[in-house]
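Peer 1: Spelled out from the first residue to the last, the chains are:
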Amino acid sequence: MTTPQHQTIHEQVSLPVSVALEVVLQGIRIRLGRSIVTILGVALGIAFLMSILTTQLVTQGVSDEEKTRTELVRMLSFLTADTGPLHERTLGVIQAGPLNPLETRFLQTIREQGLTRLQWTLLNKSLPAPKDADVVDLPAVAKDASAVIVVGDGDSSAVDWSAVLAPARQKVIAITRPNTSATQTFAGGTLVTLSRELRADEKVSLAAAEKRERARSIWIIVVSLLVTVIGISNSMLMSVTERFREIGTMKCLGALSSFIRRLFLIESTLIGTMGALLGVAFGILFPVLLYSSSYGFGMVFSSLSWGTLGIYGLFSLVVGVLLSMVAAVYPARFASRMVPAAALRSNI
Amino acid sequence: MSLTAQEKLADLFAEPAAGQRRTIIRAVDVKKVYRMGTQEVHALRGATLDIFQGEYLSIMGPSGSGKSTLFNAIGGLSKPSSGKVYINQVDVAQLDHNELAWLRCRTIGYIFQSYNLIQVMTCLENVTLPMAFAGLESEEARDKGLHILKLVGLGHRALHKPAELSGGQQQRCAIARALANSPEIILADEPTANLDLRTGEEMIDLLAKLKVELNVTIVSATHDLKMLQKSDRIVWIADGVIVKTAHPSEIDFSKGEVH
Ligand SMILES: Nc1ncnc2c1ncn2[C@@H]1O[C@H](COP(=O)(O)OP(=O)(O)O)[C@@H](O)[C@H]1O
Ligand SMILES: [Mg+2]
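From first to last, the protein sequence lines are chains A and B. Numbering follows this note's numbering, in which position 253 of the first sequence is assigned residue number 253; successive positions increment by one, without gaps. Numbering follows this note's numbering, in which position 203 of the second sequence is assigned residue number 203; successive positions increment by one, without gaps.
Treat the hints as calculated values from the structure; they're not laboratory data. Since we're looking at a predicted model, the values are computed, not measured. Warning: the hint list may mix true and false statements.
Output of the computed footprint for chain A on chain B, the stretches with three or more beta carbons under 8 Å from beta carbons of chain A [as the list claims (entries may be wrong)]:
(1) 76 to 82
(2) 96 to 104
(3) 122 to 135
Short derived list, chain A residues pointing at chain B, Cβ under 10 Å [said to hold, decoys possible]:
(4) Val13
(5) Ser14
(6) Val17
(7) Val19
(8) Val23
(9) Arg245
(10) Gly248
(11) Ser257
(12) Arg337
(13) Pro340
Heads up, incomplete: computed chain B residues facing chain A, CB under 7 Å, no partners named [said to hold, decoys possible]:
(14) Val90
(15) Tyr110
(16) Gln113
(17) Asn116
(18) Ile118
Just so it is clear, CB atoms sit at the ideal spot from N, CA and C, and this is done for glycine as well.
Assemble the whole structure, with the sequences as input and the hints as a guide.
Peer 2: See below:
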């Protein structure tokens, strides 16, 4: 019997990821010019998003810093109104508890006034010792002092203010917190309140301004996100649709749809990552340099909230990579499912 | 001759009689309708055709007659609207995408009018790509690819990109690629249409040579009369219908347009 020795049909082998990766890397290398254009397209979108986010942070930081500096100047002038210039004077500090950032900055400002001596008492012994100050016991804190500054979040009601201020050169107590108990018990000297309570109407208008500001930044971020989505989708879509014929050809040569999808998944991940990294770098660098040139490096760098910047950077990176993948894999899926004849005919 | 469906099936699985050649592709009443909006284009109106193992068959017809459509249907590149295509006695419509990929990879080699080489790859890489799809090791694929490129006379251009080659050389590369996994069938859709006369003839000579040397079946769609002399059999298609089958010796080529 002459049985026709025909082949039976088998399942096509599924190629390992390494083969796909090899094909992708080779493709990126050979299409270098085109790949760079796509990478730049992604980078541009992410750089836009990132620079908007960075700008928000920088302007926020700078404006906060400017407010703080104004406040410090005001506090210092309040103090010196009663003590006179602090140059070559002695001051005492009574720290009742942990300092807030403004107090820390204020005490730093005091140190920069050219004092002869800064005498510092910690009411709570578990507090960390201050730098650039002479730590003394409570009775000695006001010795020859032009003023005693009461700082920190803690209870100072046990202090006998009249006794403490007895050896002082000027009987001036300055408090940074309105609730300090010195207000009740101290008499026979000057009490300076350095803190400033906002009036009710000021509070309302401040809250409204904050709300406006938040709405504005949400709006800006949403718009820039949209621009980024469209920009990245466009460049990824272009780079895939112009290869429909290639996809059709590969299918004619026996490529599985899953292999083609994997190719584009790997490629878009690589391109998306490179583009997004580039975009994040430029999106941070450009606004930071720009604002540094007008506000000065120190101002921008010290006031920038780097933690938040890091979170924004990560967010932009993820957005860039995910968008690139979605924008490439969707058309690649479509093309890989087309019958080869149709993919070959397409000349988009 | 009109057979009932059952007779056709019986015929299909019958043993070939002594001396009779095995049918490698069988198309039975293949129709293809393209729908474009409300318009319907009947590209194939019922083509029935047997292609035998080891023959060089030319499908002849004017542009728009349905050659490419038939080519795509018998090559498993598109689904016919109705009718059956059997390759090696297997109903192509029954295959899942995995098996279709296997078929396209190993059983059939395709050659196109516009070469369809992958522009970013060298000739050698174009030839070894289907070998990779077949799971061949890259070392082995490289050797085999170089061997095939030499066979089609392109050994010295193995590391060139398609863009650096002439049309004839690109088509040679495409032929080499079609041979990559030693297919039983080579389907060529107007392989000489983009080539000048002499290069076109070289291409046909090459195909005829490969047919003898490798014992492959060659199906070539063409509207080029010069392609016909080398073929074993010619099928005419007009307006989606097969109108005539003949042997080249029965045709007087001097008459120009042959119908
Ligand atoms: N994808 C398609 N969509 C719509 N019409 C098509 C498509 N492919 C082919 N046709 C039509 O089908 C007919 C046959 O086309 P084709 O098979 O390409 O002819 P040939 O290859 O002989 O030139 C033509 O009228 C053509 O316009
Ligand atoms: Mg055609």
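Peer 1: If a hint holds in the structure, say so; if it doesn't, say that too.
Peer 2: Results of checking the hints against the structure:
no.: 1; hint: 76 to 82; result: holds (count 3)
no.: 2; hint: 96 to 104; result: holds (count 7)
no.: 3; hint: 122 to 135; result: holds (count 7)
no.: 4; hint: Val13; result: holds (4 Å)
no.: 5; hint: Ser14; result: holds (9 Å)
no.: 6; hint: Val17; result: violated (13 Å)
no.: 7; hint: Val19; result: holds (6 Å)
no.: 8; hint: Val23; result: holds (8 Å)
no.: 9; hint: Arg245; result: holds (7 Å)
no.: 10; hint: Gly248; result: holds (8 Å)
no.: 11; hint: Ser257; result: holds (6 Å)
no.: 12; hint: Arg337; result: holds (9 Å)
no.: 13; hint: Pro340; result: holds (5 Å)
no.: 14; hint: Val90; result: holds (6 Å)
no.: 15; hint: Tyr110; result: holds (5 Å)
no.: 16; hint: Gln113; result: violated (11 Å)
no.: 17; hint: Asn116; result: holds (5 Å)
no.: 18; hint: Ile118; result: holds (6 Å)
Taken one by one, the earlier hints fail for this structure at numbers 6 and 16, listed in ascending order.
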